[in-house]
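Asks: Use the sequences and the hints to build the structure in full.
Here the sequence shown stands for residues 0 to 286, numbered as in numbering that gives the first Met the number 0.
Don't read these hints as lab results, they were simulated from the structure. Remember, it's a predicted structure, so these values are computed and weren't measured experimentally. Wrong hints could be hidden among the right ones.
[To be verified] Straight line, CA to CA, 27 Å or less: simulated BS3-like cross-link-like pairs of lysine-lysine:
id : residue 1 : residue 2
1  : 187       : 240
2  : 240       : 264
3  : 207       : 240
4  : 40        : 153
5  : 187       : 249
6  : 264       : 249
7  : 264       : 187
[As the list claims (entries may be wrong)] Ranges of calculated distance between the beta carbons of each label pair, as one might list FRET restraints:
id : residue 1 : residue 2 : range
8  : 204       : 260       : 41 to 47 Å
9  : 236       : 141       : 43 to 49 Å
10 : 209       : 78        : 31 to 37 Å
11 : 236       : 195       : 17 to 23 Å
Glycine included, C-beta positions come from ideal geometry on N, C-alpha and C.
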Amino acid sequence: MPFSTKFGEDCGMMATVLVSAFLTLQTGAPQTQPVPRWAVKIDPAHCQLERSGDPAAASLIVDTIPGSDSYRVFILNGERQGAAPLGPGSLLFAPSQASLAGLTRASVLPDGRTVARMEGVEPAVLDDMAGADTIALTIGSKVAGTVSIPNAAKAIAALRACSADQLIAWGADAAQFAPGGRPPIAVKSRDEWIPNRDLVTLAATSGKADIDATFRVAVSPDGSITDCRAVTDRTASTVVKTACGPVLNKTLFTPARDPAGAAVKGVATFRVQLVTQFSVIREPARR
Numbered sequence: 000m001p002f003s004t005k006f007g008e009d010c011g012m013m014a015t016v017l018v019s020a021f022l023t024l025q026t027g028a029p030q031t032q033p034v035p036r037w038a039v040k041i042d043p044a045h046c047q048l049e050r051s052g053d054p055a056a057a058s059l060i061v062d063t064i065p066g067s068d069s070y071r072v073f074i075l076n077g078e079r080q081g082a083a084p085l086g087p088g089s090l091l092f093a094p095s096q097a098s099l100a101g102l103t104r105a106s107v108l109p110d111g112r113t114v115a116r117m118e119g120v121e122p123a124v125l126d127d128m129a130g131a132d133t134i135a136l137t138i139g140s141k142v143a144g145t146v147s148i149p150n151a152a153k154a155i156a157a158l159r160a161c162s163a164d165q166l167i168a169w170g171a172d173a174a175q176f177a178p179g180g181r182p183p184i185a186v187k188s189r190d191e192w193i194p195n196r197d198l199v200t201l202a203a204t205s206g207k208a209d210i211d212a213t214f215r216v217a218v219s220p221d222g223s224i225t226d227c228r229a230v231t232d233r234t235a236s237t238v239v240k241t242a243c244g245p246v247l248n249k250t251l252f253t254p255a256r257d258p259a260g261a262a263v264k265g266v267a268t269f270r271v272q273l274v275t276q277f278s279v280i281r282e283p284a285r286r
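Replies: Here it is in structure tokens:
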């Protein structure tokens with residue numbers, strides 16, 4: 000599970016200031032044990048928040064594609080040992096006792112550590128995380144991992160700033176990220192944007208076993224999509240056509256708003272993932 004370790008040089012100053020001001024844990028004396036600390040890692044179309052330090056203790060990762068309205072939460076090296084299939088689970092926040100039910104799973108990394116995760120976490124859950132002292136992830140009824148998250152509010156603000164900086168760089172009006180503003184809100188699930196028949200055709204004709212591409216769209220003040228493009232130049236033109244054709248000029252959002260309530264230009268993202276599975280059919284032996 001590779002993750003970037005560099006800060007983006009071309010991202011705005013907001014995330015940089017927050018990271019330097021809030022996320023570096025200052026220590027006055029030499030430490031005999033690694034000190035857990037917060038860090039934001041920034042790559043194009045990717046923002047990642049980590050709480051880690053002691054390799055023997057549980058660590059937390061929260062990441063997102065800016066503009067996707069979806070987050071992933073990982074806890075590494077927690078109480079659970081071994082893999083677990085996708086199934087019901089939850090995120091638990093203390094001391095508020097807030098919780099979020101969802102689908103969770105666990106897998107074993109090459110180094111032997113277990114990582115438990117929940118995907119598809121909505122942005123509003125970050126508010127619960129910001130007010131928490133600890134976060135726990137359960138798989139079924141059992142706790143898979145618990146992480147102490149002091150100063151979480153400042154860390155979450157830095158993660159949000161990372162996303163805002165990238166969206167502004169893509170053309171979003173900065174006013175929507177000021178207090179009282181809000182970004183565009185999708186009126187239906189992104190999973191419903193592209194007809195299944197188009198995805199089936201793409202899978203059959205692309206010549207690739209797997210497709211994983213992220214797209215950004217410009218959302219006008221009336222909520223319609225006026226531009227659609229892949230976030231990297233490496234995306235095949237057939238994939239771009241399949242992804243962007245069904246969404247261009249469609250009203251798929253309520254518009255972004257500035258603090259005064261006026262509609263402004265927004266930017267959002269969506270992802271196209273196709274995984275082709277092959278099966279071997281064995282014919283019975285002929286007599």
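Asks: Taking the Cβ atom of residue 236 and the Cβ atom of residue 195, is their distance within the range 17 to 23 Å?
Replies: Hint holds: Cβ distance 21 Å, inside 17 to 23 Å.
Asks: Compare the distance between the alpha carbons of residue 187 and residue 240 with 27 Å, and conclude whether the hinted pair is satisfied.
Replies: Holds: residue 187 and residue 240 sit about 21 Å apart, inside 27 Å.
Asks: Holds or violated: residue 40 with residue 153, Cα cutoff 27 Å?
Replies: holds, 15 Å
Asks: Take the C-beta atom of residue 204 and the C-beta atom of residue 260, compute their distance, and say whether it sits inside 41 to 47 Å.
Replies: holds, 46 Å
Asks: Does the structure keep residue 207 and residue 240 at a Cα separation of 27 Å or less?
Replies: holds, 16 Å
Asks: Given the proposed pairing of residue 264 with residue 249, does the C-alpha separation stay at or below 27 Å?
Replies: holds, 15 Å
Asks: Between residue 264 and residue 187, does the CA-CA distance stay at or below 27 Å?
Replies: holds, 19 Å
Asks: Please check whether residue 236 and residue 141 have a Cβ separation lying inside 43 to 49 Å.
Replies: holds, 47 Å
Asks: Quickly compare the C-alpha distance for residue 187 and residue 249 to 27 Å and report which way the hint goes.
Replies: Holds, because 12 Å separates the two Cα atoms, which is no more than 27 Å.
Asks: Kindly confirm whether 31 to 37 Å is satisfied by the beta carbon distance between residue 209 and residue 78.
Replies: holds, 33 Å
Asks: Does residue 264 sit within 27 Å of residue 240, going by the straight-line distance between their CA atoms?
Replies: Status holds; Cα separation ~23 Å.
Consistency with the previously given hints is maintained throughout, with no hint failing.
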